[in-house]
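The primary structure of each chain is shown beneath.
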Amino acid sequence: MIAGKVVGSVVATRKNDKLVGNKFMIVELVGKMSGDAKQVIAIDNIGAGIGEYVLVAQGSAARVGCNMADAPVDAAIVGIIDDGTGLE
Amino acid sequence: MIAGKVVGSVVATRKNDKLVGNKFMIVELVGKMSGDAKQVIAIDNIGAGIGEYVLVAQGSAARVGCNMADAPVDAAIVGIIDDGTGLE
Amino acid sequence: MIAGKVVGSVVATRKNDKLVGNKFMIVELVGKMSGDAKQVIAIDNIGAGIGEYVLVAQGSAARVGCNMADAPVDAAIVGIIDDGTGLE
Amino acid sequence: MIAGKVVGSVVATRKNDKLVGNKFMIVELVGKMSGDAKQVIAIDNIGAGIGEYVLVAQGSAARVGCNMADAPVDAAIVGIIDDGTGLE
Amino acid sequence: MIAGKVVGSVVATRKNDKLVGNKFMIVELVGKMSGDAKQVIAIDNIGAGIGEYVLVAQGSAARVGCNMADAPVDAAIVGIIDDGTGLE
Numbered sequence: 004m005i006a007g008k009v010v011g012s013v014v015a016t017r018k019n020d021k022l023v024g025n026k027f028m029i030v031e032l033v034g035k036m037s038g039d040a041k042q043v044i045a046i047d048n049i050g051a052g053i054g055e056y057v058l059v060a061q062g063s064a065a066r067v068g069c070n071m072a073d074a075p076v077d078a079a080i081v082g083i084i085d086d087g088t089g090l091e
Numbered sequence: 004m005i006a007g008k009v010v011g012s013v014v015a016t017r018k019n020d021k022l023v024g025n026k027f028m029i030v031e032l033v034g035k036m037s038g039d040a041k042q043v044i045a046i047d048n049i050g051a052g053i054g055e056y057v058l059v060a061q062g063s064a065a066r067v068g069c070n071m072a073d074a075p076v077d078a079a080i081v082g083i084i085d086d087g088t089g090l091e
Numbered sequence: 004m005i006a007g008k009v010v011g012s013v014v015a016t017r018k019n020d021k022l023v024g025n026k027f028m029i030v031e032l033v034g035k036m037s038g039d040a041k042q043v044i045a046i047d048n049i050g051a052g053i054g055e056y057v058l059v060a061q062g063s064a065a066r067v068g069c070n071m072a073d074a075p076v077d078a079a080i081v082g083i084i085d086d087g088t089g090l091e
Numbered sequence: 004m005i006a007g008k009v010v011g012s013v014v015a016t017r018k019n020d021k022l023v024g025n026k027f028m029i030v031e032l033v034g035k036m037s038g039d040a041k042q043v044i045a046i047d048n049i050g051a052g053i054g055e056y057v058l059v060a061q062g063s064a065a066r067v068g069c070n071m072a073d074a075p076v077d078a079a080i081v082g083i084i085d086d087g088t089g090l091e
Numbered sequence: 004m005i006a007g008k009v010v011g012s013v014v015a016t017r018k019n020d021k022l023v024g025n026k027f028m029i030v031e032l033v034g035k036m037s038g039d040a041k042q043v044i045a046i047d048n049i050g051a052g053i054g055e056y057v058l059v060a061q062g063s064a065a066r067v068g069c070n071m072a073d074a075p076v077d078a079a080i081v082g083i084i085d086d087g088t089g090l091e
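Protein chains in written order, with the working numbering: chain A, 4 to 91; chain B, 4 to 91; chain C, 4 to 91; chain D, 4 to 91; chain E, 4 to 91.
Simulated from the structure, these hints should not be mistaken for lab results. Keep in mind that this is a model prediction, so the values were computed, not measured. Heads up, some of the hints might be wrong.
One copy or any two copies: either way a pair holds, since identical chains are not told apart in the list.
Said to hold, decoys possible - Restricting the straight-line Cα-Cα distance to at most 30 Å, the calculated cross-link-like pairs of lysine-lysine (DSS-like) are:
{"no.": "1", "residue 1": "K21", "residue 2": "K8"}
{"no.": "2", "residue 1": "K21", "residue 2": "K35"}
{"no.": "3", "residue 1": "K26", "residue 2": "K41"}
{"no.": "4", "residue 1": "K35", "residue 2": "K8"}
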């Protein structure tokens, strides 16, 4: 998993049917956990708010682990980090 | 998922049988979501047009989530972002 | 998927049994689709020749989509691009 | 797999139900095995301590190989390296 | 797949039960096939020796293709390249 900070969200009215009802959060990855890519869009499985530090699972873990095994989801917020300030 | 802008398409007359009937769109990734690689080729699952900002799912999510679980597809456009200008 | 140009092949006489009969092509990725890594070795599922531009599927899509779900294959050529000169 | 050194851990009180009971270790990757991203968060499957060098499995291997196939886990510590000093 | 040269191995006495009996080889990736990360640790499925050039399969292909589908393995040596000097 990687850690990041929720910095916004994206709205997609037209989308794959299996994605209906999900929120697409923009997560800015913590410095030492990000490569050249600094952000990822993740489904919110927990109820994270803007500014919170979160754990993001990527790949098949995101859909299989969040009860949406047949949805086109490759990243999901799966935890809220209690104190992420030390990670920056 | 990552966000990008559809900038073109690719034609492949000779291809794996399971790919017949699909469009291969060239997606230029949004700056903060791209690493050293700036583009990816994604199957269009939604009907995206050139210039539109899209959500792209990668890995097994692309084929499993788009009802083509047994096709050699590792990236799919799964949503059209209503306003992607803030992402650039 | 990513696009690349077939620039050579690799011979491996000793290999996993499930790989017997396959050709291992060296694909040089198109500039905007390559990261720091410029090449990948892909099974040829189509009959691609040296110098041709090809579509490469990566990850589980390569083996599942090419009828070799139980082989140790993580990249496959799945299409020949009709004209790849614009991609360079 | 990649090698890294356990440098800390992360606490997430609110998390996906399937993650309850797991420890989230921050692993700093060994220089030649890390890309631009220098750290990853991995479930501890072995009982690793801060400062130990560990083997980390990523992707579906992490959850399938650690008896948590339906959990949103994409990285797991699966071995303690007896002597990792030569890897730095 | 990617090509690399076996440069060493790692010993892990404490490890996931499904990994017992496996050798963990350090593979230095061939220049054009490596990104920022220059090395990976791979299970040896073939009997590769130090200094040999090898084919490495990554991701689920490594465990599914090497008859260890339920082990936490994400990289495996699946072939010995007959002559890898042209790849450097």
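Here's how the hints hold up against the structure:
With identical chains, the CA atoms of K21 and K8 are at most 30 Å apart both within one copy (26 Å) and between copies (22 Å). Taking identical chains as interchangeable, the C-alpha atoms of K21 and K35 lie at most 30 Å apart only when they sit on different chains, with a minimum of 26 Å there against 33 Å within one chain. Taking identical chains as interchangeable, the C-alpha atoms of K26 and K41 lie at most 30 Å apart whether they share a chain (20 Å) or sit on different chains (25 Å). In this homomeric assembly, K35 and K8 come within 30 Å of each other (Cα to Cα) both inside a single copy, at 13 Å, and across copies, at 14 Å.
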